[in-house]
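Line order of the protein sequences matches chains A and B. In this text, residue positions in the first sequence follow my numbering: the first is -3, and each later residue adds one. In this text, residue positions in the second sequence follow my numbering: the first is 235, and each later residue adds one.
Think of the hints as simulated: they come from the structure by calculation, not from any bench. There may be inaccurate statements among the hints.
One-sided excerpt, in silico: chain A residues whose CB lies under 10 Å from chain B [said to hold, decoys possible]:
hint : residue
1    : 44
2    : 45
3    : 75
4    : 191
5    : 244
6    : 263
7    : 311
8    : 392
9    : 400
We put the beta carbon where it would ideally sit given N, CA and C, even for glycine.
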Amino acid sequence: MKKFKTVCLFVALTMIFVVMGVLFAGCTRYDETLIIYNWEDYIYSKQDLQVDFNDYYLKKTGKTVKVRYTTFDTNETMLSKLINSNTVVDVICPSEYAIQKLLVNNLLQKITLQDEEPISTLDNINQEIYSKVGNLFASETGEVANINDYYVPYMMGTLGILYNADIVTEDDLACGWGLLWNENNNPALNGKIYMKDSIRDSYAAAVLYLKEKGNLPAGYETKSVQELINDTSPTLLSAVDAVLKQQKSKLKGYEVDFGKQEMISGKVLVDLAWSGDAMYAIEEAELSGVNLEYFVPETGGNIWFDGWVIPTCAQNRAAARAFIEFLNQPETAVKNMIEICYTSAVDKDVLAENQDVVSLLEEAEYNAQEFFADEVRYPNYADVNLGVMKDFGTNNTQVVSMWEGIKGSDTNLTALWIILIVLGAVMITFAVIYTLRNTKRKVIKKK
Amino acid sequence: MAKKIVLNAKYQNKNQKGKKLKKLFMLNRKVFSYPYIAFLTLFVIAPLLLILINAFLVNGTFSLQNFVNFFTESTSLSTLSDSLLVGFVTTVLCIVIGYPVAYILSKMDSGKVLVLLFVLPMWVNFLIRTLATKTIFESLGVKLGMGTVIFGMVYNYLPFMILPLHTTLSSIDKSYSEAAQDLGADSITSFLNITLPLSLPGIISGITMVFVPTISTFAISELLSNNQILLFGDSINLKFSQDMYGVGSVMSIIMLLFVLISNGLINKFQGKTVDEARRNLW
């Protein structure tokens, strides 16, 4: 027995050593670690990234660095993780409103402190983005361009409509946002329209539809797109509620992930989409002979920016800054654009002048001139009709409740109640028959 | 063995702490329960505690506001009633389809093999099955909605109804109904008076195994309706993803109440015969 235990102990210890050996072998090869916290599928190949960034860092500092890549699926997940727990990450890529929220919670470090050298590639970035986001959040905090010291823009995109150009007609398109409501009553489109299963985006689409039709509640007509898509006052909320409920009968459903695929295969004809997803779908559909197009209606739309920030919990500030610098090199920016289809914040003139960029684009079978002239990819940032969405704040509960009301609406409930009543009647009949038989038996017994 | 344990206990009492500590790390039978205890604490007890704590927290302070929010919100309540309705309809359909099947199978000699055929689809992951169902409906041109959701639910949970019913029905001594028929009862009477009451434990465990999971499902209702139908499970999911942990926890507690109630029901019906309780589930 004792011998058996000794053997067990020995085996266990050996296994522990082997496992630890394997683990440490992986760690010792690099001098430093950089922990990235980013959206899923929001950067080019991770293996290449490790190699490329390691080379870059080695050249810059003489040290090797291990890239640890972690991901989140919504800004809210990221925010609650950062605010409520002691996560350690070095560099994060939230959207503009989430950056603002992190800033308010004192969770961010300045990108460049006084005694640090500025990041060299920062000049490559399109300055219009800085001024648009800076002005927007400055009016809220009272401090001009405060937010701009805390983030570096990474990618941007718009919210618009992806449609099947073979079937959707000019008249349908003239409806603008009304296309999602099949305003033109094109019979081919009924039940072939997808909305986003995302509260913020569907809310924005509904508000813009109200504006387009001139159906905004009294007092809201003069407001700008920017103000409207961020307004969640009860009056506007109930108007949005009404149009979204009215839309439901025209829809195929709500999606966040499978819409692209169904658009490509032609199962669905109209989809509320983000520009990057739309670009991807258009390219894929071309291969299978389906003609997809994307547009942001004239009434206005939503534009968003994602940027890199360094949180206060960061342990490797130097590597984080080097990483931001690395990402804003023209070659890295264009690699990312080719991979994920969204628009890099690096200025298009800087990109277009770079010969490496042009050859990279040609390698991926793009025409560089067409690539940079595309209005879907490069909308006019300064356009006042492209609004930036902010956090719904304390009104979030009401908005979520409205959304539940729309998705769980009672169209099918009457049918169900009828089934229930019929079933109830059947069961009662059975019960009556059963008891009748029982009493009969009792009568027989008494005889 | 028993003597040894008694001796061990005496030995332990007499000795000092050091030996107790040594005993703690010895390989005895208790050691093998530690992984399970650790698992239970980490994945069952800790989450339950977290839900309980979150339900009473609003911005870090104790409050009943979450309960007030839930019970005054008409949309959450109607979602709950929708789910109960869907759960009820699914359960009834499962009994209506499942009972005759289980009854016929229990009469057949090859019943065990045929039951296997009903269980077979359960070996395929339910998400894959549901996605396949969706594709079939779409290719047939059926509009996704409440009907397809209920179909999906029944399809997924039918085996959970058939299995306990089959076990109970096939364990009923045939001589009971034979005796009833000898005494002049026709087959319907003998079924209603002998077989049905004796199979009640199976029906009850079948109902709980279908009803409780049905009201908390969220993937089936999302996939088979293209997100157009929101059930209680979806609603809880939405609350947590929107960072409304408080209300989400309250809803989870309500879910747990349903589980507890149905467990209580099972115990009540099966407490009568210990023998029956043992073979009720499968």
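Right, here's what the structure says about each hint:
1. Given hint, residue 44/A at the interface with chain B, is violated; its Cβ is 32 Å from that chain's nearest Cβ, farther than 10 Å.
2. Proximity of residue 45/A to chain B is violated relative to the hint, the smallest CB-CB distance being about 28 Å (cut-off 10 Å).
3. Checking residue 75/A against chain B: minimum C-beta separation of about 7 Å stays under 10 Å; hint holds.
4. For residue 191/A, the interface hint holds, since its Cβ comes within 10 Å of a Cβ in chain B; the closest pair sits about 9 Å apart.
5. Against a cut-off of 10 Å between C-beta atoms, the interface hint on residue 244/A holds, since the closest Cβ of chain B lies about 7 Å away.
6. Interface restraint check: residue 263/A against chain B, minimum CB-CB distance 7 Å, threshold 10 Å, status holds.
7. At a threshold of 10 Å, the smallest CB-CB gap from residue 311/A to chain B is about 26 Å, leaving the interface hint violated.
8. Annotation: residue 392/A was flagged as interfacial toward chain B, and the flag holds, the nearest CB pair being 7 Å apart, inside 10 Å.
9. Interface hint at residue 400/A: satisfied, since its Cβ lies 5 Å from the closest Cβ of chain B, which is below the 10 Å cut-off.
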